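With the hints as extra help, turn the sequences into a complete structure.
2 protein chains.
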Amino acid sequence: MSQQLRVQNFTVSADGFGAGEHQSLERPFGTADPGRLMAWLLATASMPNRADSGGNRGLDDYLVRDFGNNIGAEIMGRNKFGPQRGPWTDHEWQGWWGDEPPFRTPVFVLTHHPRPSFTLSDTTFHFVDGEPKTVLDRAREAAGGKDVRLGGGATTVRQFLDADLVDTLHVAVVPMEIGAGTRLWESPDDLLDRFHREVVPSASGVTHHLFWRR
Amino acid sequence: MSQQLRVQNFTVSADGFGAGEHQSLERPFGTADPGRLMAWLLATASMPNRADSGGNRGLDDYLVRDFGNNIGAEIMGRNKFGPQRGPWTDHEWQGWWGDEPPFRTPVFVLTHHPRPSFTLSDTTFHFVDGEPKTVLDRAREAAGGKDVRLGGGATTVRQFLDADLVDTLHVAVVPMEIGAGTRLWESPDDLLDRFHREVVPSASGVTHHLFWRR
Numbered sequence: 038m039s040q041q042l043r044v045q046n047f048t049v050s051a052d053g054f055g056a057g058e059h060q061s062l063e064r065p066f067g068t069a070d071p072g073r074l075m076a077w078l079l080a081t082a083s084m085p086n087r088a089d090s091g092g093n094r095g096l097d098d099y100l101v102r103d104f105g106n107n108i109g110a111e112i113m114g115r116n117k118f119g120p121q122r123g124p125w126t127d128h129e130w131q132g133w134w135g136d137e138p139p140f141r142t143p144v145f146v147l148t149h150h151p152r153p154s155f156t157l158s159d160t161t162f163h164f165v166d167g168e169p170k171t172v173l174d175r176a177r178e179a180a181g182g183k184d185v186r187l188g189g190g191a192t193t194v195r196q197f198l199d200a201d202l203v204d205t206l207h208v209a210v211v212p213m214e215i216g217a218g219t220r221l222w223e224s225p226d227d228l229l230d231r232f233h234r235e236v237v238p239s240a241s242g243v244t245h246h247l248f249w250r251r
Numbered sequence: 038m039s040q041q042l043r044v045q046n047f048t049v050s051a052d053g054f055g056a057g058e059h060q061s062l063e064r065p066f067g068t069a070d071p072g073r074l075m076a077w078l079l080a081t082a083s084m085p086n087r088a089d090s091g092g093n094r095g096l097d098d099y100l101v102r103d104f105g106n107n108i109g110a111e112i113m114g115r116n117k118f119g120p121q122r123g124p125w126t127d128h129e130w131q132g133w134w135g136d137e138p139p140f141r142t143p144v145f146v147l148t149h150h151p152r153p154s155f156t157l158s159d160t161t162f163h164f165v166d167g168e169p170k171t172v173l174d175r176a177r178e179a180a181g182g183k184d185v186r187l188g189g190g191a192t193t194v195r196q197f198l199d200a201d202l203v204d205t206l207h208v209a210v211v212p213m214e215i216g217a218g219t220r221l222w223e224s225p226d227d228l229l230d231r232f233h234r235e236v237v238p239s240a241s242g243v244t245h246h247l248f249w250r251r
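Chains as they are written, first to last, in my numbering: chain V, 38 to 251; chain F, 38 to 251.
Hint data in this document are derived by calculation from the structure and do not stem from the laboratory.
Some hints could be false.
Put simply, identical chains are the same to the list, so a pair is met inside one copy or across any two.
[Unchecked claim] Lysine to aspartate or glutamate pairs mimicking DMTMM-like chemistry, simulated, CA-CA at most 20 Å apart:
{"no.": "1", "residue 1": "K183", "residue 2": "D89"}
{"no.": "2", "residue 1": "K170", "residue 2": "D201"}
{"no.": "3", "residue 1": "K170", "residue 2": "D227"}
{"no.": "4", "residue 1": "K183", "residue 2": "D204"}
{"no.": "5", "residue 1": "K170", "residue 2": "D52"}
{"no.": "6", "residue 1": "K170", "residue 2": "D199"}
{"no.": "7", "residue 1": "K183", "residue 2": "D127"}
{"no.": "8", "residue 1": "K170", "residue 2": "D204"}
Note that the structure is predicted; figures quoted are calculated from it, not measured.
Printed below as a string of structure tokens:
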């Protein structure tokens, strides 16, 4: 089976936003409330790096636990790594993901500003500039035959969708409004010309949209 | 997180049967039509050992692709290995699963009749006699910290449920009647005293029942 580019557990508001405006070090999701936006994921037993043995093991958990399943690399936008803009001024700060980032593979961070690669636990961050296709080729090579996760944010997912490089998307739609910020779509129907879709409501209140290439 | 005992993609008819009567070499599911019973699984992209690159990648596929995710061993009943009863008379016949069995871990086959272990590709079959708890302890040890899959059939799942050893169950209920054979339950409600449950209808027509321990 060929190497897929997969979007997984990407969470947006009912009005299509993955994050609000005014991202900062203290507020990775800007004006959006991350506790409310990500509540469905935080409640699952398989949430990466969960500290206790609780959590639900229903539908949401099956989707969450697919996070690392046959994934060999991730591509993420710069804003998923940190809130800085322009040239890097502080190499000591190593991203939002702590000493044990949940990715456990090479991660390619899209940025116009070079910075040396570094490793935290099982995750190595590389900082790359280039067209989506070029970055994807590099991530595929690093993935050693496994699939590549496209980690977001919304701007990055859009960029790869516009280049027609995405094979599957799982988007969780949360019943809340954000109003402004980075937007994935005007409507989930936007993708139906190129993708099959299943819409699966969950007991948690979110609705999972599962897309795969026609 | 502790090692779970997981039932996955276990498929039953609307009247609760995992297989019909009169199992034979030619008819692993006895009088039940396996093509109809397993159609939902056969249609997915991630069906183990799928030969082509087609198949759907919707809800059913997320459940199917969880098959080997963090699994380190399987326990199965003798009738899932083959139709023979009583002492083994032909060691040349190595089960229904071909030269590349989909399990890719140690597999513990429950039987009162000893037989030497053997390996096919990445799968090693062991033939064990013992109480469910004893067999589970052995499978857990072989799983090297990962979870153990309880592979079925229905009689084996019941045996481990009755011993209260099962942590999670995913059962796909197919809208067809079998009428007689090996039965998992009178009703999916039978398990609600010990398990949480979510019921998730799929576009394929099957209904997924997801159980996890209270």
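Now the hints, each set against the structure:
1. K183 with D89: The answer is between: 17 Å across copies meets 20 Å, while 29 Å in one copy does not.
2. K170 with D201: The answer is within: 9 Å in one copy meets 20 Å, while 51 Å across copies does not.
3. K170 with D227: neither (22 Å within a copy, 52 Å between copies)
4. K183 with D204: within (14 Å within a copy, 29 Å between copies)
5. K170 with D52: neither (29 Å within a copy, 51 Å between copies)
6. K170 with D199: within (11 Å within a copy, 54 Å between copies)
7. K183 with D127: For K183 and D127, the Cα distance exceeds 20 Å both inside one copy (33 Å) and across copies (40 Å).
8. K170 with D204: within (13 Å within a copy, 43 Å between copies)
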